[in-house]
Structure formats: structure tokens, C-alpha cells
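Chemist: Go by the hints and put chain B onto chain A.
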Amino acid sequence: MSIADWTEADLGVPGRVLTVVRAPDPVLSTPSPQVDPGDPEVVQLAADLVATMRVSPGCVGLAGCQVGVSAHVFAVDVSQHPKTRTTHGTFVLCNAEVVEATRKEKGREGCMSVPDLTGDVKRATRLTVRGLLPGSGEELTVETDAFEARALQHEIDHCAGFLFLDRVAGAHAVFPRQTYL
Amino acid sequence: MEPVSLIAVTVIGHDRPGIIADATAGLAGLGLNLEDSTMTLLRGHFAMMLICSGDRSPAEVEDALAPLTADGRLQVSARAVPDEDAVDVLGRRPYVLTVHGGDRPGIVSAVTRVLAAAGGNITDLTTRLTGDLYVAVAEVDLPADADADAVAMRLRDAGTELGVGVTLRPQETDVL
Numbered sequence: 642m643s644i645a646d647w648t649e650a651d652l653g654v655p656g657r658v659l660t661v662v663r664a665p666d667p668v669l670s671t672p673s674p675q676v677d678p679g680d681p682e683v684v685q686l687a688a689d690l691v692a693t694m695r696v697s698p699g700c701v702g703l704a705g706c707q708v709g710v711s712a713h714v715f716a717v718d719v720s721q722h723p724k725t726r727t728t729h730g731t732f733v734l735c736n737a738e739v740v741e742a743t744r745k746e747k748g749r750e751g752c753m754s755v756p757d758l759t760g761d762v763k764r765a766t767r768l769t770v771r772g773l774l775p776g777s778g779e780e781l782t783v784e785t786d787a788f789e790a791r792a793l794q795h796e797i798d799h800c801a802g803f804l805f806l807d808r809v810a811g812a813h814a815v816f817p818r819q820t821y822l
Numbered sequence: 027m028e029p030v031s032l033i034a035v036t037v038i039g040h041d042r043p044g045i046i047a048d049a050t051a052g053l054a055g056l057g058l059n060l061e062d063s064t065m066t067l068l069r070g071h072f073a074m075m076l077i078c079s080g081d082r083s084p085a086e087v088e089d090a091l092a093p094l095t096a097d098g099r100l101q102v103s104a105r106a107v108p109d110e111d112a113v114d115v116l117g118r119r120p121y122v123l124t125v126h127g128g129d130r131p132g133i134v135s136a137v138t139r140v141l142a143a144a145g146g147n148i149t150d151l152t153t154r155l156t157g158d159l160y161v162a163v164a165e166v167d168l169p170a171d172a173d174a175d176a177v178a179m180r181l182r183d184a185g186t187e188l189g190v191g192v193t194l195r196p197q198e199t200d201v202l
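Heads up: the protein sequence lines correspond to chains A and B, in order.
Each residue of the first sequence is one higher than the one before, starting from 642 at the first, in my numbering.
Each residue of the second sequence is one higher than the one before, starting from 27 at the first, in my numbering.
Just chain A, same shape as in the assembly (with noise of 0.2 angstroms):
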């Protein structure tokens, strides 16, 4: 199947909306272990991350360390995001990995495991990345750009136990958050 089409209803329970843990939470700092795709938890766990993220204003990814389950799994949706060029819609995927990536651009993140901070991270705005599905365990190879590219290496980061503060361009590309959506 095609990313695009997927929707959470395929996934066939309800998602739960789970707590964000913030840093320092050890958690956050902890690589994720790789999920069995097909496991009802982390298809559970897959519709908790889109409800989740759906009620939280701005957030475009969120990754299962975030919600206290280290487990390799995010969902993104950058669709209503005004820097998004390409966007694959709401998806979610285990175990994924950039399979490729390039075009290295300077931008400002966030997160909302760390509330108070922005900074200035590089990431690739070309990216290549393979993962399966929860549910099916499908696997899909997703091409991006732009927004949708620097969400997915922000949530596969997080996975690896590395917050957007371990890829920082340096000692004054860090700030105080100015705006609180």
C-alpha cells in the first residue's frame, strides 16, 4: 500500500491519550529496543501515539520514548504544517531507518519533551527512510523533503535516545522558547 493511504483507523483500536514525558526523563536518553510490528501492544501503542499527538497543539511527531514506552515506533503527521512541501499524511513506523539522506539545511526545532528550549539543528530536507507498519508489519520505503524530513530524522533521533539538544550547531544555537502553541 501506499504511506498516503494509511489512516490510524486501519489499525483497529482506539487510541489512548498518553502522557508526554519531558526532559531529564531517562527514558528520552535510552536507545528503543526494535518492536515486533504485528504485537497488539505496539499496535496499541501506534494508536496512542496518533491520539496523542492529534490533541496536542503543533505537535507533528511524537515518538513511544516520548510517552514513556521505550519501543521503536513514531507517528508523524506534518500535513498542517506551513513549512511541509511533500506530506505522506498520518503515519506510524516501527523500526524505521534513514536509508538515505542529503541536502543538509539549518533549521529551528522543537519539542515537546523539552518545553522550554528551541535550537538549531542541520538535517537533510532529501530523505530516504524504510519501516514497517504496525499491524500488517508491512514495510515501506518513505521519500520526503523539506518539513516531513527533518520530522522524521527529529522522531528517528528519538528512538536512537537523542533529543534535537545532541545535534545542536553549536554553543549559541540554543534558545529560549518564544512562542507556546
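Hint data in this document are derived by calculation from the structure and do not stem from the laboratory.
Among the hints, erroneous ones may be present.
[Said to hold, decoys possible] Counterexamples of contact, computed for chain A against chain B with all Cβ distances above 12 angstroms:
hint, residue
1, R657
2, P667
3, T731
4, G778
5, E784
[As the list claims (entries may be wrong)] If you want the footprint, here are the derived chain A segments under chain B, 3+ residues with CB under 8 angstroms:
hint, segment
6, 756-765
7, 806-819
Backbone N, C-alpha and C define an ideal beta-carbon position, used for all residues, glycine too.
Modeler: For chain B alone, kept in the frame of chain A given last:
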């Protein structure tokens, strides 16, 4: 030609609009030339450091900036400093260090001790405390012959002991 002297000026205290305008007007009035400067707010306090050059004494600079300190809410100091030799950029490689974790005493000292032992020189440092989260980001020059992977591992080990995450990565520079 007279040797030009360098003077280091620091201004620290209660923030308000116009401090930089007032301070630099005082320096300009003495014919001093601003070289490098940096200014930020630290926990809401105004903090500026600069190096200026010109044939003036530190006492003359402090006199010229005395109006800034009149209400007792700003501190100004001026000190003569020698010329420093240019940094040997060829013999060093730039890295960026991030430390984040729960606030506790000794994080910066423990991590920077590891860097110092490896001959690493910090060229820029920002630390922030927001809620329980302590964040330090430093730009570090490592000697060209340093084993950066080994240094990164020792930094991670030091971080593990403190319960904080530490990452060291090469600083990316795009030369256009």
C-alpha cells in the same frame, strides 16, 4: 606609531533598555575601537564582555563608564590585557559537545575535566537550566592527533556516572 593597548571591559547587572548604547557611547567618546564583544542575559541579568583598543588607560575607561554604575545596579570593570597570538587552527579540529540531564552540582566540571585531560580547548560555552533540565552546549577544539572516538567514550562514561547524556560530534562548517 604608539603601541595600541587592549582593554577588556565587563558590564554586569540589572537589565534595562539602553545599556549598550550608553556603554559604547562612553567608549567612543574616548576614541576607543570595539574589537570583539559578546552580550547575553544570564537569568535575566545583563552581561557584556568586550575588548576595545586605543591609547587609553583602564582607569580612564572606568571613569567614562561611571554614569552606568551611578544607581548601583550595574557593575563595570576595565582591565588592560595583552595581545594574544593567533590560534593555530591547522593543529585543531572543532567539535560540538552537548550535555543534558537532571540538574545537580558538578556536571560541567566533571565533563570539562575529561576534555581538558584530552587537550581539548573550549572556545564557546552556553549552559541553561529550565525546570529540572540542565543543558550545556560547548564548542571544543581537539588536538589534531587526539582520538575523538576515545574522548567521546570517556565523556559518555563520565555522563553515565552523573546520570546525564553526553554527545560529542564534529562541527560542520560549510565553506562557500
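Chemist: Does each hint fit the structure? Answer for all of them.
Modeler: Do the hints match the structure? See the list:
{"no.": "1", "hint": "R657", "result": "holds, 26 angstroms"}
{"no.": "2", "hint": "P667", "result": "violated, 7 angstroms"}
{"no.": "3", "hint": "T731", "result": "holds, 29 angstroms"}
{"no.": "4", "hint": "G778", "result": "holds, 31 angstroms"}
{"no.": "5", "hint": "E784", "result": "holds, 24 angstroms"}
{"no.": "6", "hint": "756-765", "result": "holds (count 3)"}
{"no.": "7", "hint": "806-819", "result": "holds (count 11)"}
In summary, the one numbered hint that this structure violates is 2.
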